[in-house]
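Chemist: Sequence:
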Amino acid sequence: MLVAPQEAPTPAATPAASRSGLFQMPLFHPGTEVTQNGRREKVSHVILRRREIMVYLEGQEEPVKPERLSLAPTTFTTERRPETLTWYL
Numbered sequence: 001m002l003v004a005p006q007e008a009p010t011p012a013a014t015p016a017a018s019r020s021g022l023f024q025m026p027l028f029h030p031g032t033e034v035t036q037n038g039r040r041e042k043v044s045h046v047i048l049r050r051r052e053i054m055v056y057l058e059g060q061e062e063p064v065k066p067e068r069l070s071l072a073p074t075t076f077t078t079e080r081r082p083e084t085l086t087w088y089l
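Per the UniProt record's numbering: the sequence shown ends with 89, consecutive numbering throughout.
In short, the hints are calculated from the structure, not lab data. Given the structure is predicted, the values throughout are model-derived calculations rather than measurements. Just so you know, not all the hints are guaranteed correct.
Derived pair list, reagent style EDC-like, types lysine to aspartate or glutamate, alpha-carbon separation capped at 20 Å [unchecked claim]:
(1) K42 <-> E58
(2) K42 <-> E83
(3) K65 <-> E79
(4) K65 <-> E83
(5) K42 <-> E79
(6) K65 <-> E52
(7) K42 <-> E62
Derived Cβ-Cβ restraints for the label pairs, each shown as a range [claimed, not checked]:
(8) P82 <-> R49: 33 to 39 Å
(9) E33 <-> E62: 16 to 22 Å
(10) P30 <-> P73: 14 to 20 Å
(11) E83 <-> G38: 38 to 44 Å
(12) G59 <-> F23: 29 to 35 Å
Where a beta carbon is used, it is the ideal one built from N, C-alpha and C, also for glycine.
From just these sequences and the hints, can you work out the full model?
Modeler: Following this line, the structure appears as structure tokens:
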């Protein structure tokens, strides 16, 4: 029995969400409120250590891995958008 090779899906056949250029991820920056073990905490600062993001919370000396914190994701886009030109006179 001869079976035709399967072709990769065309762009029109892929889901719209994967083509939209939008993605979501938590954005940790100083002052952001997060939840850790059911308690509200505030981010002091964020560093990159050994290729890992480490989040420092206010009042705590030890860093916390981001996966241990709850934060609503922020939506980003990978699509280029034309910037508006601002003219100063």
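Chemist: Give a verdict on every hint.
Modeler: Hint-by-hint comparison with the structure:
1. K42 <-> E58: Given pair K42, E58 holds - Cα atoms ~6 Å apart, limit 20 Å.
2. K42 <-> E83: Cα-Cα ~33 Å, so violated.
3. K65 <-> E79: Violated - the C-alpha atoms of E79 and K65 are around 29 Å apart, more than 20 Å.
4. K65 <-> E83: Violated: K65 and E83 sit about 35 Å apart, past 20 Å.
5. K42 <-> E79: Violated, because 31 Å separates the two Cα atoms, which is more than 20 Å.
6. K65 <-> E52: Status holds; Cα separation ~8 Å.
7. K42 <-> E62: Holds, because 14 Å separates the two Cα atoms, which is no more than 20 Å.
8. P82 <-> R49: 33 to 39 Å: For P82 and R49 the Cβ distance comes to about 37 Å; the hint holds.
9. E33 <-> E62: 16 to 22 Å: 19 Å, holds
10. P30 <-> P73: 14 to 20 Å: 18 Å, holds
11. E83 <-> G38: 38 to 44 Å: 42 Å, holds
12. G59 <-> F23: 29 to 35 Å: At 32 Å between Cβs, range holds.
Checked against the numbered hints above, the structure violates hints 2, 3, 4, 5; every other hint is satisfied.
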